[in-house]
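Chemist: Given the sequences, and given the hints that come with them, work out the whole structure.
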Amino acid sequence: MTEKFLITDKNEKLIEKINEISGEVVTLCEQCGTCSGSCPVVEDMDITPSNMMRLAELGDEEVLETKTIWVCASCFTCTTRCPRGIDVAKVGEALRQIKLRKAVDRMDIKDIPEDERNILPQLAIVAAFRKFTG
Amino acid sequence: MKIPYYPGCTLKTKAKNFETSAIAVAKALDIEFVEIPRWNCCGAVPSLSDDDLIRHIAPVRNFIRVEEMNQDGIVSDEHRIVTLCSMCFNTLKMSNLRMKKNKEDLRKINDVMYLEKEHYKQDVEVVHFLEVLKDIPPSKIKEQIKNPMPELKVSPYYGCTLLRPKEVGIDDPEDPLIFEDLLSTLGLNVVNNPLKTRCCGSYQVVSDKNIVSSLVYDILTNAKKNEAELIVTSCPLCFFNLDRRQKDIIKFHHNFEPIPILYFTQLMAILFGLNEDAFKFEENYVDYKDLFERKELASK
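Keeping their order, the protein sequence lines are chains A and B. The first sequence runs 0 to 133 under numbering that gives the first Met the number 0. The second sequence runs 0 to 299 under numbering that gives the first Met the number 0.
If you're looking for bench data, these hints aren't it; they were derived computationally from the structure. Even for Gly, the Cβ is constructed at its ideal location relative to N, Cα and C. Be aware that one or more of the hints could be misleading.
Unchecked claim - Below, computed lysine-lysine pairings styled on DSSO-like, alpha-carbon distance capped at 30 Å: (1) A:LYS16 / B:LYS102; (2) B:LYS165 / A:LYS16; (3) B:LYS100 / A:LYS98; (4) A:LYS101 / B:LYS11.
Unchecked claim - If you only want the chain B side, here are some residues facing chain A, beta carbon under 8 Å, derived: (5) MET0; (6) THR12; (7) ARG163; (8) TYR202.
As the list claims (entries may be wrong) - Quick list of simulated restraints, FRET-style, between CB atoms: (9) B:GLU103 / A:PRO112: 44 to 52 Å; (10) B:GLU31 / A:VAL103: 44 to 52 Å; (11) B:LYS100 / A:LEU27: 17 to 25 Å; (12) A:LYS109 / B:PRO193: 37 to 45 Å; (13) A:LEU27 / B:ASP51: 18 to 26 Å.
Modeler: Next up, the structure:
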């Protein structure tokens, strides 16, 4: 059933914010689903990357509460394949940044089990903290 | 040939086996890696936000060091910066592209770094060691092979950061061959893996290692279905995920047979017959000895 979604000023503002941080125009997305079909971690997500793009182009705040934006590891497969030329990985980053800039961290060094902490290579830890903390 | 070398954090610690073997292999091919004085962390992941320029400072500072190396005569007219770590490669190259594309961004960065003796003048080029090897005549590489292993079935694993995004990648992002070409030159039996460019989960291993284990299982299983006996890679994080997560995979898939993972430079060091110190195999988790013993016996 078709659902009516009203774009309010609040939605417009979020769309603008996403475009500003990512440097992309999310409303170019035509929902073909290539990103979802290409994503290696889609099984671990709660919504598909194309759903994420749909919510982003509607400026729906719900997108900021999805697991999807945190499971993405910016592998750029979707970016490489998007027929509309959208850098989907950058859109994902913008969504994470909107959350992280409110000083809400997703990770604490104490949460990493000690045996893992000892064997993890440095770049994994640096990368994770850059992606999961503001 | 002397070339400025950017190690990055992991090459000096957990990926010592990569650095040591790469320097030894380069030396055998008359390439001297000159470590950049006072290099700093690149940030590990490229900045993907258009509005936070500050994350480009770390990479640009390294580029200034390369320009200084040229001025000080440490290298002569060599503006390339060679990396081994694929993630450093990606992060540095992304920043460099942005600086080259956007003069205003470069001006701002140079403004902030007013204490540096020099401004960055955009003449540095970021390259990966695989690209340097590609420019060497195959005959010169072949000359160095002391322990040929034509039977050894090797599958390359590219991962993401060597190839994507397209403007940064060292080869076609969908069907790269640069690794295969090198392995063929090395006289190995190159095995294709359809998942050679599939993401291994990267830094997600810090927050949820199960995501990584399941991705790695698919990558390794595909390589094995194509009869690979060994996988080579160029990224310390891919290496860690592919190598170490095998101990978790066995817990979920009891019939899983471990497969050795090596840095491509470790394999080259073996083929070149270099001193064993160059391999630093104690850093490798999955046992590789059986495989090479079998191969050596077979060749005798």
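Chemist: Is the hinted pair B:LYS165 and A:LYS16 satisfied, with a Cα-Cα distance of at most 30 Å?
Modeler: holds, 26 Å
Chemist: So, as I understand it, the hint says B:TYR202 touches chain A; can you test that by seeing if any CB pair is closer than 8 Å?
Modeler: holds, 4 Å
Chemist: Look at the Cβ atoms of A:LYS109 and B:PRO193 and judge whether their distance stays inside 37 to 45 Å.
Modeler: holds, 40 Å
Chemist: Are the Cα positions of A:LYS101 and B:LYS11 separated by 30 Å at most?
Modeler: Violated, at about 35 Å.
Chemist: Can you verify the interface hint for B:ARG163: is its Cβ closer than 8 Å to any Cβ in chain A?
Modeler: holds, 4 Å
Chemist: With a cut-off of 8 Å, does the beta carbon of B:THR12 approach a beta carbon of chain A closely enough for the hint to hold?
Modeler: holds, 6 Å
Chemist: With 17 to 25 Å as the target window, see if B:LYS100 and A:LEU27 comply at their CB atoms.
Modeler: Distance hint for B:LYS100, A:LEU27 holds at roughly 21 Å.
Chemist: Would you mind confirming whether the straight-line C-alpha gap from A:LYS16 to B:LYS102 stays at or under 30 Å?
Modeler: Measuring from Cα to Cα gives roughly 24 Å; hence the hint holds.
Chemist: Evaluate the given range 44 to 52 Å for the C-beta pair formed by B:GLU31 and A:VAL103.
Modeler: Hint holds: Cβ distance 48 Å, inside 44 to 52 Å.
Chemist: Hint says 18 to 26 Å; check whether the CB-CB distance for A:LEU27 and B:ASP51 agrees.
Modeler: holds, 23 Å
Chemist: Minimum Cβ distance from B:MET0 to chain A below 8 Å?
Modeler: violated, 27 Å
Chemist: Take a quick look at whether B:LYS100 and A:LYS98 sit within 30 Å of each other, Cα to Cα.
Modeler: Holds, at roughly 29 Å.
Checked against the numbered hints given earlier, this structure breaks hints 4, 5; the rest are met.
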